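Assemble the whole structure, with the sequences as input and the hints as a guide.
Protein sequence lines correspond, in order, to chains A and B.
Counted from 1, the first sequence has number 176 at position 176 by this note's numbering; the numbering is strictly sequential.
Counted from 1, the second sequence has number 43 at position 43 by this note's numbering; the numbering is strictly sequential.
It is possible that some hints are incorrect.
What follows is a set of in silico ranges between Cβ atoms, one per label pair, in the way DEER data are often shown [stated by the list, open to error]:
no.: 1; chain 1: A; residue 1: G81; chain 2: B; residue 2: G222; range: 54 to 62 Å
no.: 2; chain 1: A; residue 1: N164; chain 2: B; residue 2: S213; range: 19 to 27 Å
no.: 3; chain 1: A; residue 1: G131; chain 2: B; residue 2: L41; range: 55 to 63 Å
no.: 4; chain 1: A; residue 1: T234; chain 2: B; residue 2: V308; range: 40 to 48 Å
no.: 5; chain 1: B; residue 1: A303; chain 2: A; residue 2: T234; range: 37 to 45 Å
no.: 6; chain 1: A; residue 1: T102; chain 2: B; residue 2: S127; range: 49 to 57 Å
no.: 7; chain 1: A; residue 1: R7; chain 2: B; residue 2: A303; range: 30 to 38 Å
no.: 8; chain 1: A; residue 1: N164; chain 2: B; residue 2: M132; range: 31 to 39 Å
no.: 9; chain 1: B; residue 1: V104; chain 2: A; residue 2: V130; range: 37 to 45 Å
no.: 10; chain 1: A; residue 1: T234; chain 2: B; residue 2: L48; range: 38 to 46 Å
no.: 11; chain 1: A; residue 1: L244; chain 2: B; residue 2: A27; range: 55 to 63 Å
no.: 12; chain 1: A; residue 1: Q70; chain 2: B; residue 2: G51; range: 56 to 64 Å
With the Cβ distance kept under 8 Å, some of the chain B side facing chain A (calculated, not the full set) [said to hold, decoys possible]:
no.: 13; residue: P155
no.: 14; residue: F256
no.: 15; residue: V257
no.: 16; residue: I274
no.: 17; residue: L280
no.: 18; residue: A287
The hints are simulated quantities; they were obtained by calculation from the structure and are not laboratory data.
Being a predicted model, the structure only gives us computed values, none of them experimental.
Where is the CB? At the ideal position from N, CA and C, for every residue including glycine.
Each chain, written out:
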Amino acid sequence: MEKTGPRHWLLLAFFALFVVFLYGPTLTIFILSFQGPDGGLTFPMRGVSLYWFEDLFQPQMVGDFGGALQRSLALALIVMGLTVLISLCAGLAFRNRFLGATLLFYITIAGLIVPSILISLGIGLMFNVVGLPPAWWSSALGAHLTWTLPFGVLIMFAVFNRFNRALEEAARDLGASPWQTLRYVVLPLIAPSLVGVGLFGFSLSYDEFSRTIMAAGSDNTLPLEIYAMTTNVTSPTLYALGSLTTLFSFAVVITVTLTVLAMRRRRRVARVDA
Amino acid sequence: MSSLPPDVTASVATAVAPSGAAVPAEARQRGRALAAAMPYLQALPLWLVMGIFLLVPIATIVIVSFWDDQETAFVPAFLWDNYRDVFGTSVTLTTYLSTLRYAVIVWVFTLGIGFTVAYVLAFHIRSTLWQMVLFQVCAVPFLTSNVIRMISWIPFLGRNGLLNQTLADLHIVDHPLEFLLFSPFAVCLTFVHLYSLFMVVPIFNTMMRIDRSLIEAAVDAGAKPLGVLRHVVIPLSLPGIAIGSIFIVTLVMGDFVTVQMMSGGQSASVGLLIKNEISLLQYPEAAAHAVILLLTVLMMIWAMLRVVDIRKEL
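Printed below as a string of C-alpha cells:
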C-alpha cells in the first residue's frame, strides 16, 4: 500500500487528531487542577497554585478519600494476583481438550458482554437473598474478576497459540518432569505476558465503577468515591483528584511496560551471551 | 536451549533415568490418570469464579424478576406482575428507543473512527516499533478511570468552556452554545471518547492478520487504493468489526453513568432506569427490566453473528 502522497498524510493527520481527542480533555483538567485559589472549573486560569491539591488532603473536603484509596489499592492487588493465577491455570487447561471447554470459554466471554449493571445487580441480589452483607473484598472482588478474567484468558489464549511446543518436548526429552517443564521452560517464556495480564487485572479493577456500584457494600472504592464527589464538589479539587489518579494509572502502565521491555532485553542478552 | 536458566541444564543432567524404564506400571497409570484430570483441575478456578459471580447472579436476577414486590421487602413468588408493570407503561418503550438511538449513533461514529485509526496503524505506519508505540498510545486511556475521563469534558464543553470561548473569539457564535454540555450531544461525544478503543483493538488485530501478499496481488491486478480497501481490507476485517460492534452495543445499551452524568439528568437509558429502580429498592421490577435488557442485547449480538462469522477469530 502506498505510504506517500496526500492520502497517506491525511490519514496520519486523522490519527493525530484522534490522539488529541483521546488525551485533550484529560490534559485540560490536568492544567486546570493547578488553578489559583480564586479560579473556577473552567478557563481562564486565575494564577497557578497547588491550592486544590492541598484542599484534597483536608479531611473535611472529601468523604473518605484515604480509606477509599486504600481499599481500591488492596482490591486491585488481590484482583491482579487472582487474575494472573486463574488465567494462567485456565490457559494451561485450554491447551488440552477437556469436557466443557467450549462452554467454559463462552461463559468467560459472556463476562465481557453481559452489561455491567446486570453483574452489579445480580451479585447485589445474590448476596441479599443469601443474607450476606456485600463488601469490597467479597462481592466487589467477584464482580471485578468477571471483568478481568475474560481479558486474562483471552491474552493467555493468544500467548499459547503462538507458543512453540517443541521447546516443551525438548525439555521432556531431556528428562524434565511436567512441573520442571512448566517452571523452567514455559513460565520464563510467557512471563512478560503474565505481567501484562497482571497490569490489566490491576488497572481494570482500580478504575472499575459500574460493576462495583451495587456490590461494594457500605465502604466505597475510589471510583465510587470520585463519582459521589462529582455530585457535590464543584471546585477544581475534583480535577486535582482526577489528575492524581490518572497520573497514578499512567505511572503503573509505564512502570509495567518498562519492566516487560527489560525482561525481554535480558532474555535477548542471555541468548546472545550463551 | 541457550536461553534457559542454568539450573535447567543441571536438573536435566541429574534426571538421568529414562522415563518409563524403571517406573512401576502402577505409578505410570497413576501419572496418566493425573494427566487426564489435569485440565479439569486447571479449569476449576475459572469455573468457580464465573459460576458464582456470573451464572448464579444472572439466575438470581431471572428468579427475582418473578418475585412479589411488597412495601418493605421482596418475597419469593411466581408472578408476571413485574413484567406486566414493565410493559404496561410507555416509558419502557421510549427509554428503549432512546437507548437504541444512542447505541446506533455511537456505533456509527466509533466504527468510522475505529476503522480509520486501525487502518492507519496497520497499513500506514512503517516501523513495527512505531506501530507498537502508537498502539499503546491509543490503548493506555483504557487503563485510566472512566469517571475521570467523563469529568474532563466539563471544562471543554461547559457554558464558559474552551469550545464556546474559541467559537466566541472566532465570532462564529455571539452567545455561548447551551447544547454542548449536559445534553444528548455530550452523552454521544463521551461515549465515542470512552469506547472508540473497543473498536480500534479488534479491528487492528484482524487487519494485522491480513496476508500482505493479497493486497499486493490486488494492486498488481490493477486495483486502486479504494478498490483494495473495499474488496480486500474491509471484507477481511469484518470479524474484527463484528467483535468491536458487540462491545459497543453492550457497553452503550447497559450504560447508566455516562447518560446520567453527561445529560445532566435530562436523558433516559435502560441502565439508568434499572439503577433508579434499584435506588428505590424495587428489586423485582429492576430484575424484570434487567432480564429484558439482557435478552435485547443477546438478540442484537445474535443478529450481528448471523451476518459475520467470528469463530475463527476466537
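Status of each hint after checking the structure:
1. A:G81 to B:G222: 54 to 62 Å: holds, 56 Å
2. A:N164 to B:S213: 19 to 27 Å: About 24 Å separates the Cβ atoms of N164 of chain A and S213 of chain B, which means 19 to 27 Å holds.
3. A:G131 to B:L41: 55 to 63 Å: For G131 of chain A and L41 of chain B the Cβ distance comes to about 32 Å; the hint is violated.
4. A:T234 to B:V308: 40 to 48 Å: holds, 46 Å
5. B:A303 to A:T234: 37 to 45 Å: holds, 43 Å
6. A:T102 to B:S127: 49 to 57 Å: For S127 of chain B against T102 of chain A, whose Cβ atoms are near 39 Å apart, the range 49 to 57 Å is violated.
7. A:R7 to B:A303: 30 to 38 Å: holds, 34 Å
8. A:N164 to B:M132: 31 to 39 Å: violated, 21 Å
9. B:V104 to A:V130: 37 to 45 Å: holds, 39 Å
10. A:T234 to B:L48: 38 to 46 Å: The hint (38 to 46 Å, Cβ to Cβ) holds, given that T234 of chain A and L48 of chain B are roughly 45 Å apart.
11. A:L244 to B:A27: 55 to 63 Å: At roughly 58 Å between Cβ atoms, A27 of chain B and L244 of chain A fall inside 55 to 63 Å, so the hint holds.
12. A:Q70 to B:G51: 56 to 64 Å: violated, 30 Å
13. P155: holds, 5 Å
14. F256: holds, 6 Å
15. V257: holds, 6 Å
16. I274: Hint on I274 of chain B: holds, closest Cβ of chain A at ~6 Å, below 8 Å.
17. L280: It is violated, given that the least Cβ distance between L280 of chain B and chain A is near 13 Å, above 8 Å.
18. A287: At about 7 Å, which falls below the 8 Å cut-off, the nearest Cβ of chain A leaves the hint on A287 of chain B intact, so it holds.
Taken one by one, the earlier hints fail for this structure at numbers 3, 6, 8, 12 and 17, listed in ascending order.
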